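2 protein chains.
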Amino acid sequence: MKTLSENKAFGGVQGVYSHSSEACACDMTFGLFLPQEAADGPVPVLWYLSGLTCTHENAMIKAGAQVWAAEQGIALVFPDTSPRGEGVADDEDYDLGQGAGFYVNATEAPWAPHFRMWDYVAEELPALLADSFAIDPDRQAITGHSMGGHGALTLAMGLPGRYRSVSALAPICNPSASDWGAKQLTAYLGADRDAWARHDATLAMRARGFDGPILIDTGTEDQFIDLLRPQALAEAIAERRQQATMRLQPGYDHSYFFVSSFMEDHVAFHAQALWG
Amino acid sequence: MKTLSENKAFGGVQGVYSHSSEACACDMTFGLFLPQEAADGPVPVLWYLSGLTCTHENAMIKAGAQVWAAEQGIALVFPDTSPRGEGVADDEDYDLGQGAGFYVNATEAPWAPHFRMWDYVAEELPALLADSFAIDPDRQAITGHSMGGHGALTLAMGLPGRYRSVSALAPICNPSASDWGAKQLTAYLGADRDAWARHDATLAMRARGFDGPILIDTGTEDQFIDLLRPQALAEAIAERRQQATMRLQPGYDHSYFFVSSFMEDHVAFHAQALWG
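Going down the list, the sequences are from chains A and B. Per our numbering, the first sequence starts with residue 1253, numbered consecutively. Per our numbering, the second sequence starts with residue 1253, numbered consecutively.
FYI, nobody ran anything at the bench for these hints, they're computed from the structure. Check the hints yourself; a few may be wrong.
Below, simulated DSS-like cross-link-like pairs (lysine-lysine); rule was C-alpha separation at most 30 Å, straight line [said to hold, decoys possible]:
1) B/Lys-1314 / B/Lys-1254
2) A/Lys-1314 / B/Lys-1314
3) B/Lys-1254 / A/Lys-1314
None of these values were measured; they are calculated from a predicted model.
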């Protein structure tokens, strides 16, 4: 593992690291904020999964999460959204290939050898963090924005017992039924929709739900709301009687100004589960 | 004036606007955060002047100021750091020309016709804001980072009565005696050092000081601290018996992670002066 940068921030350290990833068969970069408390021993960790076109960097500099994580004594990890590099397949569209991993393990060419973001986020990176940093693997929570909200929700439901809480900001809620999803799931996983089910938060909610609290915020003026389909997940949550808070926030759009506006709430929500 | 974007943020609106500037003889772009309270009438305003290479956008997305401004009911304005455009002179160095206006009115060729950032920030933009938005011109305060900290301090001392409070993060404190300053002041104002004096915070402090509170933070690990020369301003403040707080923050560097770490303090400091 290589340290690309470390900056003191909010009493702790905002680091950026790269490492050779086995899951993605390429070098991967991630951001990690460690609060001051990490100097004294392992701290809980909140995963932040980013959306289409993002790298590890966008949320790290724009979401304003560190101030609240420092207040709560929680680490933040910001993974990249896909494998990267010259040997890695890509597409000219912004919503497929590099920057658009969708948190799945691709089985189809040309994506299969590198696009294994599920394994990367679910297995490889958590092990690396627990080995190399003062992170408590027994106290993890997960959140994300847009495609990253999709990732957070599907990972949380797909790995029972792993995360104590899950939240999402403007998540893609029902990718099987959206142009933000059907195209990518077909490309990465093939046309058989059975393989898609665990990568669709609405279908996962119908199938098994989540054993913990859920918080989801979406702006009423989100310019992509028709692609996000919050109504599908809302219906599934209500049908399942799932413990959850879903909020439609008047006037907010899909931008990081929306994300940062509600970051305090989301970090406090996870802190309650992680420290409770 | 043209609205480039408006995003709801922290209950208010983060806007980006452009207008034809008379002072700079080109189109200029600025960011403006208006808190919710601006819907009911004029609110106080805190100016944030940015550093070398920055546009109006950097602090707007990375400094994390809006959350605290919203809490305090204060507007934030993020001007650009220089005139821009194809007809505007530039230099291949990052620290001269576009992105490096140094908040002066240039008198020397090729800079003179456009590089009038002092007049832009001191006169033209405040008038435009007071005319077009719910901003109270009688309650202004100013802050900035690096070159913007230099701008904030020199404008505050150069315009007595204008700002109720001034603060700075890692400001260039003594440009006459620094490679971040002597080069640019020579280029923009000529070799006569008398013309530089009001654009050097240390010299302005010696000459007249500021009629209000001052807060200055600099990181002990700031990689540019030799160029900033906080010791010169500290000495001048102490000699003058100027009301001020100067803090050296252990471990922090020159980055926006440093800026955002202390933004809560700076906004609270100005709020006390603006609402007091």
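Regarding the pair B/Lys-1314 and B/Lys-1254, is the alpha-carbon distance no greater than 30 Å? 24 Å, holds
Does the structure keep B/Lys-1254 and A/Lys-1314 at a Cα separation of 30 Å or less? Measuring from Cα to Cα gives roughly 25 Å; hence the hint holds.
Please verify whether A/Lys-1314 and B/Lys-1314 have alpha carbons no more than 30 Å apart. Cα-Cα ~5 Å, so holds.
In summary, this structure violates none of the numbered hints.
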